[in-house]
Amino acid sequence: MSERLPQGFFAEDPTVVAPRLLGKLVVHRRRAARIVEVEAYRGVGDPASHAARGPTPRNATMFGPPGRWYVYFTYGMHWCANLVCGPEGEAGAVLLRAAAPVRGVAAMRAARATARRDVELCQGPARLCVALGIDGSLDGTDAVSGRAVVVDDGVAGPEQPVTTPRIGISRGTDLLWRWTVPDDPHLSRRR
DNA sequence: ACCGGGATGTTCT
DNA sequence: GAACATCCCGGTG
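First residue of the first sequence: 1, per the working numbering; consecutive thereafter.
Keep in mind the hints are simulated off the structure, nothing from the lab.
Fair warning: this is a prediction, and the values are worked out from it, not measured in the lab.
Don't take every hint at face value.
Stated by the list, open to error - So the derived label-pair ranges between C-beta atoms look like this:
no., residue 1, residue 2, range
1, V119, G89, 35 to 45 Å
2, V44, A106, 34 to 44 Å
3, A110, Q160, 28 to 38 Å
4, S2, A110, 16 to 26 Å
5, R53, P6, 11 to 21 Å
6, S137, G76, 16 to 26 Å
7, R109, D135, 16 to 26 Å
8, R53, T141, 19 to 29 Å
9, R109, P47, 35 to 45 Å
10, P57, E159, 38 to 48 Å
11, A113, P87, 36 to 46 Å
12, R103, R171, 33 to 43 Å
13, G64, A110, 31 to 41 Å
Each residue gets a CB set at the ideal place from its N, CA and C atoms; glycine is no exception.
Could you put together the complete structure from these sequences and hints?
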């Protein structure tokens, strides 16, 4: 059975929370997917973070309390989903980059008509949002007890997650702040 | 398989 | 204007 995450799960630094999210389930609209790939973004001080230059209207949620969804719009057409982590005001977050479909697969296929194989349904941060029906209306909502939640269903994450540089960024590329389940077929591809 | 380019709009220089 | 935590499609090998 799925259990709510303990209070304080998201209170630690995003680089600590990120690997712990591997193996957890994202649940929304009767669909569920197991997280296999994440990236940590620190707030001010991380040049790749949306919060690097302080608060703006877009990143306001990042500066709020941990455990909430930060959902942003990019490239004129894509939503991406993060979990706010760390002390309030530090604007840390973990980006969900890929997941393995677990429940509601038919609904995911309907939402992701261009996916040719089920392995592609949540393979990438924007694809994951489409498959699960996540959009900007979720921004700022509670990820422990709200409409969309992250839960622990008792399946252990990897003992030794793989760490790599983050994908799709032009600054902070030296930091190994991407964590993946080793050799999982649902990982996003490029580099 | 790999690559290049277009889509589309918000944010920032 | 340019960049952007992306994806899709159509070219070529």
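Now the hints, each set against the structure:
| no. | hint | in the structure |
| --- | --- | --- |
| 1 | V119 / G89: 35 to 45 Å | holds (39 Å) |
| 2 | V44 / A106: 34 to 44 Å | holds (43 Å) |
| 3 | A110 / Q160: 28 to 38 Å | holds (36 Å) |
| 4 | S2 / A110: 16 to 26 Å | holds (23 Å) |
| 5 | R53 / P6: 11 to 21 Å | violated (33 Å) |
| 6 | S137 / G76: 16 to 26 Å | holds (18 Å) |
| 7 | R109 / D135: 16 to 26 Å | holds (18 Å) |
| 8 | R53 / T141: 19 to 29 Å | holds (25 Å) |
| 9 | R109 / P47: 35 to 45 Å | holds (38 Å) |
| 10 | P57 / E159: 38 to 48 Å | holds (41 Å) |
| 11 | A113 / P87: 36 to 46 Å | holds (41 Å) |
| 12 | R103 / R171: 33 to 43 Å | holds (37 Å) |
| 13 | G64 / A110: 31 to 41 Å | holds (33 Å) |
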